[in-house]
Amino acid sequence: VSIIRPLKGIDPDLKRNLRSSFQQAYPRFEIVFTAESDDDPAIPVARALMEECPTIPARLIVSTQTVGINPKINNIIDGFESTQYDLVWMCDSNVYTDPGCLARALSPLLPPPLPVGIIHHLVLATQPASFGAWLEVMFINTVHAKMYLAINATGAASCVVGKSNVYDKRQLAALGGLKAFSAYMAEDNTIAQAFWKRGWKHRMTSDRAQQSLGRMSLQDYFVRRIRWTRTRKYNVTFATIVEPFTESIVCGLLAAYGLYHYFRVAPGPFLVAHWIAWFLSDLAIFRNLHHGRMGGRPSSLHGGAETPLWYWAGIWLCRELFALPLYIYAVTGNTVAWRGRQFKLSLRGTITPLE
Numbered sequence: 001v002s003i004i005r006p007l008k009g010i011d012p013d014l015k016r017n018l019r020s021s022f023q024q025a026y027p028r029f030e031i032v033f034t035a036e037s038d039d040d041p042a043i044p045v046a047r048a049l050m051e052e053c054p055t056i057p058a059r060l061i062v063s064t065q066t067v068g069i070n071p072k073i074n075n076i077i078d079g080f081e082s083t084q085y086d087l088v089w090m091c092d093s094n095v096y097t098d099p100g101c102l103a104r105a106l107s108p109l110l111p112p113p114l115p116v117g118i119i120h121h122l123v124l125a126t127q128p129a130s131f132g133a134w135l136e137v138m139f140i141n142t143v144h145a146k147m148y149l150a151i152n153a154t155g156a157a158s159c160v161v162g163k164s165n166v167y168d169k170r171q172l173a174a175l176g177g178l179k180a181f182s183a184y185m186a187e188d189n190t191i192a193q194a195f196w197k198r199g200w201k202h203r204m205t206s207d208r209a210q211q212s213l214g215r216m217s218l219q220d221y222f223v224r225r226i227r228w229t230r231t232r233k234y235n236v237t238f239a240t241i242v243e244p245f246t247e248s249i250v251c252g253l254l255a256a257y258g259l260y261h262y263f264r265v266a267p268g269p270f271l272v273a274h275w276i277a278w279f280l281s282d283l284a285i286f287r288n289l290h291h292g293r294m295g296g297r298p299s300s301l302h303g304g305a306e307t308p309l310w311y312w313a314g315i316w317l318c319r320e321l322f323a324l325p326l327y328i329y330a331v332t333g334n335t336v337a338w339r340g341r342q343f344k345l346s347l348r349g350t351i352t353p354l355e
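full-length UniProt numbering applies: residue 1 is where the sequence shown begins, and numbers increase by one.
Treat the hints loosely; a few may be bogus.
Claimed, not checked - Quick list of the computed label-pair ranges, beta carbon to beta carbon:
1. Gly177 x Ala313: 46 to 52 Å
2. Phe263 x Arg339: 48 to 54 Å
3. Ile56 x Pro244: 44 to 50 Å
4. Asp86 x Ala48: 26 to 32 Å
5. Phe131 x Thr246: 19 to 25 Å
6. Tyr262 x Thr66: 57 to 63 Å
7. Ala255 x Gln219: 31 to 37 Å
These are calculated hints, taken from the structure and not from any lab test. All C-beta atoms in this analysis are idealised placements derived from N, C-alpha and C, irrespective of residue type, glycine included.
Hey, can you work out the whole structure from these sequences and the hints?
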């Protein structure tokens, strides 16, 4: 297996995240670090790890190709084309994985063979160090987690986030290779949909792609959520249309209106019961993903400080209140900010740089 780690700046816990690739309990693998330029500040960190673990085959490739608009594909394309193995694990530099993750990720490919196109993992946000980062944790580990798990458990549709994905290069070549997706912002979602349409299934394991957030301003959180929604509205339009109805406020108000109109159920008591039940459901999901803890790192990441329930509840309420205004603002625009650059989205989901 070839593990591709694209580098772009210094992410929180970068060295520990990258080291987790060297610690995989798997007999044969190589690590390919990729970067867009020789002066990327993450390169010295990668080189230090290669010196620290000389028995693990690892190398650094600085990109020389510009095959499209998508910066991530331009970053990894040279490394992807030069991998020693056909099985490729693309894992973002801000992701930590447990030592057994790779072995478990390949288990769906073992006999009997299945038409599997992608092995992917649920994203778990950890280590928030600011209010904005806590809002992101709340979104990723409650709203996003329950929808991601539900869609993949039922097989209702293609639903993949590209933080940690395993592909077979031969299957990807049948779709035109990575270059075929270089015009899209959400290359992970577009690739997954292309596999889905071919009948190649998506499979998950119980592992989590654990992303350390560190500090994030409130504006950073807003920009990220706006980019997420605007990118999705052209790639998964139906899911984006129904998104507000999966949020507690819109869902609760509609249910309260319907119950009162048809059955004369008092809206006030119903809404109180509705939001208590929704809160407890999100709390249960969050605690389960964090191995029973209320915050900090999951137990597999050395534990962490317990977060008071009142603080968690306050963050939960703020995220709920921000959700609808952010959604309305996002769906009315078609520009996104990504890694310091501005892009315009087309109806096909492709992107054009504005500068």
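A quick look at each hint next to the structure:
Checked against the hint of 46 to 52 Å, the pair Gly177 and Ala313 passes, with Cβ atoms roughly 47 Å apart. A beta carbon spacing of about 51 Å between Phe263 and Arg339 agrees with the range 48 to 54 Å that was offered as a hint. Distance hint check: the CB atoms of Ile56 and Pro244 are about 47 Å apart, consistent with the given range 44 to 50 Å. The hinted range of 26 to 32 Å is satisfied by Asp86 and Ala48, whose Cβ atoms lie roughly 29 Å apart.
Phe131 and Thr246 have their C-beta atoms about 24 Å apart, which keeps the hinted 19 to 25 Å range intact. Restraint check, Tyr262 to Thr66: a C-beta distance of roughly 59 Å satisfies the suggested window 57 to 63 Å. Ala255 and Gln219 have their C-beta atoms about 33 Å apart, which keeps the hinted 31 to 37 Å range intact.
The structure agrees with every numbered hint stated previously.
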